[in-house]
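Protein chains: 4
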Amino acid sequence: MDYINQIDIKAGMEIDELVRMMERCGFGARRLAEAVNIYEEMLSEDYTRVFTLAGAMVPAGMRNIISSLIRDGRIDVLVSTGANLVHDIIEGYSHHIRGDPLACDADLRDEGLSRIFDVYVEDDDFVKFEEILQEALPESSEPMTGSELLRVLGRRIEDERSILRSAYDRRVPIFCPALSDSMIGLQAWLCRQTRELYVDAFGDVGELVDICYGAERSGIVIIGGGVPKNFALQSMLVTPNSFDLAIQLTTDRPEAGGLSGASLSEAVSWGKIGAGAKKVTVYGDATITLPLMVAATLTRLEKKRV
Amino acid sequence: MDYINQIDIKAGMEIDELVRMMERCGFGARRLAEAVNIYEEMLSEDYTRVFTLAGAMVPAGMRNIISSLIRDGRIDVLVSTGANLVHDIIEGYSHHIRGDPLACDADLRDEGLSRIFDVYVEDDDFVKFEEILQEALPESSEPMTGSELLRVLGRRIEDERSILRSAYDRRVPIFCPALSDSMIGLQAWLCRQTRELYVDAFGDVGELVDICYGAERSGIVIIGGGVPKNFALQSMLVTPNSFDLAIQLTTDRPEAGGLSGASLSEAVSWGKIGAGAKKVTVYGDATITLPLMVAATLTRLEKKRV
Amino acid sequence: MDYINQIDIKAGMEIDELVRMMERCGFGARRLAEAVNIYEEMLSEDYTRVFTLAGAMVPAGMRNIISSLIRDGRIDVLVSTGANLVHDIIEGYSHHIRGDPLACDADLRDEGLSRIFDVYVEDDDFVKFEEILQEALPESSEPMTGSELLRVLGRRIEDERSILRSAYDRRVPIFCPALSDSMIGLQAWLCRQTRELYVDAFGDVGELVDICYGAERSGIVIIGGGVPKNFALQSMLVTPNSFDLAIQLTTDRPEAGGLSGASLSEAVSWGKIGAGAKKVTVYGDATITLPLMVAATLTRLEKKRV
Amino acid sequence: MDYINQIDIKAGMEIDELVRMMERCGFGARRLAEAVNIYEEMLSEDYTRVFTLAGAMVPAGMRNIISSLIRDGRIDVLVSTGANLVHDIIEGYSHHIRGDPLACDADLRDEGLSRIFDVYVEDDDFVKFEEILQEALPESSEPMTGSELLRVLGRRIEDERSILRSAYDRRVPIFCPALSDSMIGLQAWLCRQTRELYVDAFGDVGELVDICYGAERSGIVIIGGGVPKNFALQSMLVTPNSFDLAIQLTTDRPEAGGLSGASLSEAVSWGKIGAGAKKVTVYGDATITLPLMVAATLTRLEKKRV
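Residue numbers (the working numbering), protein chains in the order written: chain F, 1110 to 1415; chain A, 1110 to 1415; chain G, 1110 to 1415; chain V, 1110 to 1415.
I should point out that these hints are in silico values taken from the structure, not numbers from a laboratory.
The structure displayed is predicted, hence computed values, not measured ones.
The C-beta atom is built at its ideal place from N, Cα and C for all residues, glycine as well.
Errors might be hidden in some of the hints.
[To be verified] In silico lysine-lysine, BS3-like type, Cα no more than 25 Å apart, as pairs:
| hint | chain 1 | residue 1 | chain 2 | residue 2 |
| --- | --- | --- | --- | --- |
| 1 | V | Lys1412 | F | Lys1119 |
| 2 | F | Lys1413 | F | Lys1387 |
| 3 | F | Lys1412 | V | Lys1119 |
| 4 | V | Lys1412 | V | Lys1119 |
| 5 | G | Lys1237 | A | Lys1119 |
| 6 | G | Lys1119 | A | Lys1412 |
| 7 | F | Lys1119 | V | Lys1119 |
| 8 | G | Lys1119 | G | Lys1387 |
| 9 | G | Lys1412 | A | Lys1413 |
| 10 | G | Lys1387 | G | Lys1412 |
| 11 | A | Lys1119 | A | Lys1412 |
| 12 | F | Lys1412 | F | Lys1387 |
| 13 | V | Lys1412 | V | Lys1387 |
| 14 | A | Lys1119 | G | Lys1413 |
| 15 | A | Lys1413 | A | Lys1387 |
| 16 | F | Lys1413 | V | Lys1387 |
| 17 | G | Lys1413 | G | Lys1387 |
| 18 | V | Lys1387 | V | Lys1413 |
| 19 | G | Lys1237 | A | Lys1237 |
| 20 | F | Lys1119 | F | Lys1412 |
| 21 | A | Lys1412 | A | Lys1387 |
| 22 | F | Lys1119 | V | Lys1413 |
[Unchecked claim] Quick list of the computed label-pair ranges, beta carbon to beta carbon:
| hint | chain 1 | residue 1 | chain 2 | residue 2 | range |
| --- | --- | --- | --- | --- | --- |
| 23 | G | Glu1220 | V | Ser1250 | 47 to 55 Å |
| 24 | G | Tyr1112 | A | Arg1326 | 38 to 46 Å |
| 25 | A | Lys1412 | G | Glu1220 | 32 to 40 Å |
| 26 | V | Ala1215 | A | Arg1326 | 52 to 60 Å |
| 27 | V | Thr1303 | G | Asp1233 | 43 to 51 Å |
| 28 | G | Ala1215 | A | Gly1385 | 21 to 29 Å |
| 29 | G | Gln1302 | A | Glu1150 | 51 to 59 Å |
Work out the full structure, taking the sequences as your base and the hints as a guide.
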């Protein structure tokens, strides 16, 4: 029989030490441990690794985790919301601010602060963002793909901890299927008052389909659902393949029927994830579960190397 | 003092009768009643009405609610996920199927059924979808906007209960900022193997900004967050205006920081929603709260007319 | 095949008209419709009907729904938190107040208002509560059961809309397994400084077990989980019976492992609910779903009678 | 200005190292870090420490965390659901089993397994539980308090990792306001067929009120809401005191109005928590957040001692 073990906590404990104990627990603890097991396999064996990013993860302080994974060759494809890329650019020249989720929003407006739950962004940072984008956005009479545009932006960023810059350096494609739905979209619209700039709305579809088609074995890490989750999963629909490993860190639930909260099992019925895939959803705030999962997995990889 | 009244239920009760009682209750009941009050004002006075649609609302049976609101002139701008439009097209020639959320997904895959929580879609419907799209997608060497493409599709649909067709008939623009993130995106990619079809990724940005700029008074109904919510709200950022009325029906919560679950108050700090706006979030499954809100509001409008 | 039907909304719609349409929808809407089908069977056929009540349903305005169900013979056993009974007594001589969930709680404290999300209670009402209880609590040197004590309190309440009074009038037992965890508990403690009052902590167990044992067919409605849910379900453990019909209206989810959010299916493994039972959980705020379920069910019962 | 710092992950990271970084993040990560700061103060300075325990924490593997906190003098009062104590007794002679949350519950029933999400309990363990309780439950013609009864049970348990035994050894009172709502309640009822056993339903109220009254400074850790949360907080109502430090680890949300999900701020309006108290709610599965909080805090205490 496969028993539950009671966790023993001690001072100075390493993250992976705790996670290994969680494997023999119930509920969220066990799911987190399963996620680490799957991520260890994804990173230590030969998988095409897709990483999807929704939610305000960069404003919350998760930027370096993503950019380090890219720099270390642990993400082959990033699918992101526009917002995370906008805030990645902002972190290149400024900082987000620790704020109060109960602050008066009308007062914040007067003080030039925009709120993202308990994080603020200064209006001045958006002014600077405009300057940078208006300079960086290319002139193009021929349609570019979204990922090409993001490479252009990545090349212009000097900060090596930037997600966009890291992806540029490592030639990791970033797909942002709702590029217009972000300040990048607003800046592109502004810039086109005076300059030609065409981005092909369907330009990225084929590129990701080709990657999925060519992947012998593939794994996906889904942070928070949304368009990035769906875009990555749907690319498998037009290939004979499906994801072999899948991890989802989310606060969304299945029962209201939205794709963000859909179980990974549901994706099996569509052929997006394989019937025999290893897969787990960890319910909870990804600002807690993502750092834990990455820290525990890196610890294991380090030990293997030695 | 403003007292709580205890609800009295009786057989044969009308929806608005109950909602009016809920106004003097607490918790979700009161929020639902506030939503109806705001929606009544939005529909009976002169507002530019933006409606955003995420979640699998069409597969769940909410299609006619949306298309009727459009036909009756109660939506001026629709912002949608691609998925809802795909399933709107499918409903034009077939039906979704009542399924079992606990079915074995590998078996469903073998039976040619794709699952959306407790709703199934038949593979054959996607085959037909491909035929229709491959015929309907236009040839265009010049970049179209996404909303132009959706108008082309809407014109080809004969079913008058279709959202796309209703919007075409009533000249209501539909914006789908993540058009590539849907089967429409996959079909567009396929179609371009043999035909020119360019959709401008930023084409819709200016059109919605112009509408927001020109709106003297505006209201927004947000179903389920996601890209549609953000795209509609961000358009206010580059105008001196902001939404005066706002209703959000969602299962998402603020504390994990994602935009889908962000409070409407947070949008005040950004200037997307006015400091003095009337606004309410009703937490819960929109397949329950949307029909209730619409039914109660239509009842009130009907009474006013008499 | 069993198709999804798209809902059609019209002005003046009755609640049950909408609920019947929801039966052919997906997600929460369908679950609500299933709950009404099960509740219709529970109320129109010969079932022993257990109703469990957690959450602040009385402060939110749901008191008359419960007391009417009792008066009309539709609840045979009520299992409740202490808080709902305390607020039932308060509603007998005062009102709860519609408040602001974002009010400053330190200010409310100074103003003599206690907050329950967006509902306030005045300190004066608790002063009066003390007077009433100190007079009403019996002297007893022999141990009473909790339900006997609640009958004593029910008899003293004049307000016919009271849950306690209605249960007293209809001889419906009320079980409150955590009686000490409420202001009734605090008042009992106070009263015992000067008077003998013994309530037997295990006194109710046998009474509910006997009811469950004697029930040929039984149904349960669970509002919000907690101790009332568990106490009612566990009584089946020591009988050869199990619930044949079960409805759960809750915002809790299963994956964190707590009993409140546990699926009704889980209760089948324990033998609390029958393997062949009809059962459904409606996720959402019970201040919305309970009135809908009761209104739709009463409409159907009324039509049957005619 | 108070900036967000981006987290840097490295192999072999200690838990507290990560938590310290989280302090400068947003969302759940920051809340977890705040909880550790508060817990560090609660454990390193002179506070009366109340710990409330709901949810199936013992079946999930959290038993040793609680019992070690008790043994190390870090809990002065434990308020628990009956279920956690029942499963604490079971862990003294057997183990819970790692199960499958998607198993067929009717099959489990036939196999003699009862399911708690993804944890199983064997029927045989309940048979043994009955033997133990029938032997251990005392004969008493005079009313005992609930905490006295739990001390009697604790004395009989040999397993030093037991919560009940640890509390007995350290003279830490355990209050279980819904004692009848558990297998202990069912066994007490059974035992009384042949033996006198009186437990006074209100016996514990005064004991906890006295502790709260006498506490110069007090702190509370709330795991998962429910009756334990309310019982501990309400004890402050009849004292001039209130909690100075408060931590809540829960998956419940405020907006449906139940006490389990109520914000700690709401408790300020009642006078249960002080207006100037340090307090934080960490939303998420406590099988993840509790071990993290305890491990990080113990690490800090260890460092202080050196």
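Here is how each hint holds up against the structure:
| no. | hint | in the structure |
| --- | --- | --- |
| 1 | V:Lys1412 / F:Lys1119 | holds, 12 Å |
| 2 | F:Lys1413 / F:Lys1387 | holds, 21 Å |
| 3 | F:Lys1412 / V:Lys1119 | holds, 12 Å |
| 4 | V:Lys1412 / V:Lys1119 | holds, 21 Å |
| 5 | G:Lys1237 / A:Lys1119 | violated, 32 Å |
| 6 | G:Lys1119 / A:Lys1412 | holds, 12 Å |
| 7 | F:Lys1119 / V:Lys1119 | holds, 20 Å |
| 8 | G:Lys1119 / G:Lys1387 | violated, 31 Å |
| 9 | G:Lys1412 / A:Lys1413 | violated, 30 Å |
| 10 | G:Lys1387 / G:Lys1412 | holds, 23 Å |
| 11 | A:Lys1119 / A:Lys1412 | holds, 21 Å |
| 12 | F:Lys1412 / F:Lys1387 | holds, 23 Å |
| 13 | V:Lys1412 / V:Lys1387 | holds, 23 Å |
| 14 | A:Lys1119 / G:Lys1413 | holds, 15 Å |
| 15 | A:Lys1413 / A:Lys1387 | holds, 21 Å |
| 16 | F:Lys1413 / V:Lys1387 | violated, 43 Å |
| 17 | G:Lys1413 / G:Lys1387 | holds, 21 Å |
| 18 | V:Lys1387 / V:Lys1413 | holds, 21 Å |
| 19 | G:Lys1237 / A:Lys1237 | violated, 70 Å |
| 20 | F:Lys1119 / F:Lys1412 | holds, 21 Å |
| 21 | A:Lys1412 / A:Lys1387 | holds, 23 Å |
| 22 | F:Lys1119 / V:Lys1413 | holds, 15 Å |
| 23 | G:Glu1220 / V:Ser1250: 47 to 55 Å | holds, 49 Å |
| 24 | G:Tyr1112 / A:Arg1326: 38 to 46 Å | holds, 41 Å |
| 25 | A:Lys1412 / G:Glu1220: 32 to 40 Å | holds, 39 Å |
| 26 | V:Ala1215 / A:Arg1326: 52 to 60 Å | holds, 58 Å |
| 27 | V:Thr1303 / G:Asp1233: 43 to 51 Å | holds, 50 Å |
| 28 | G:Ala1215 / A:Gly1385: 21 to 29 Å | holds, 26 Å |
| 29 | G:Gln1302 / A:Glu1150: 51 to 59 Å | holds, 56 Å |
Consistency with the previously given hints fails for numbers 5, 8, 9, 16 and 19, ordered from lowest to highest.
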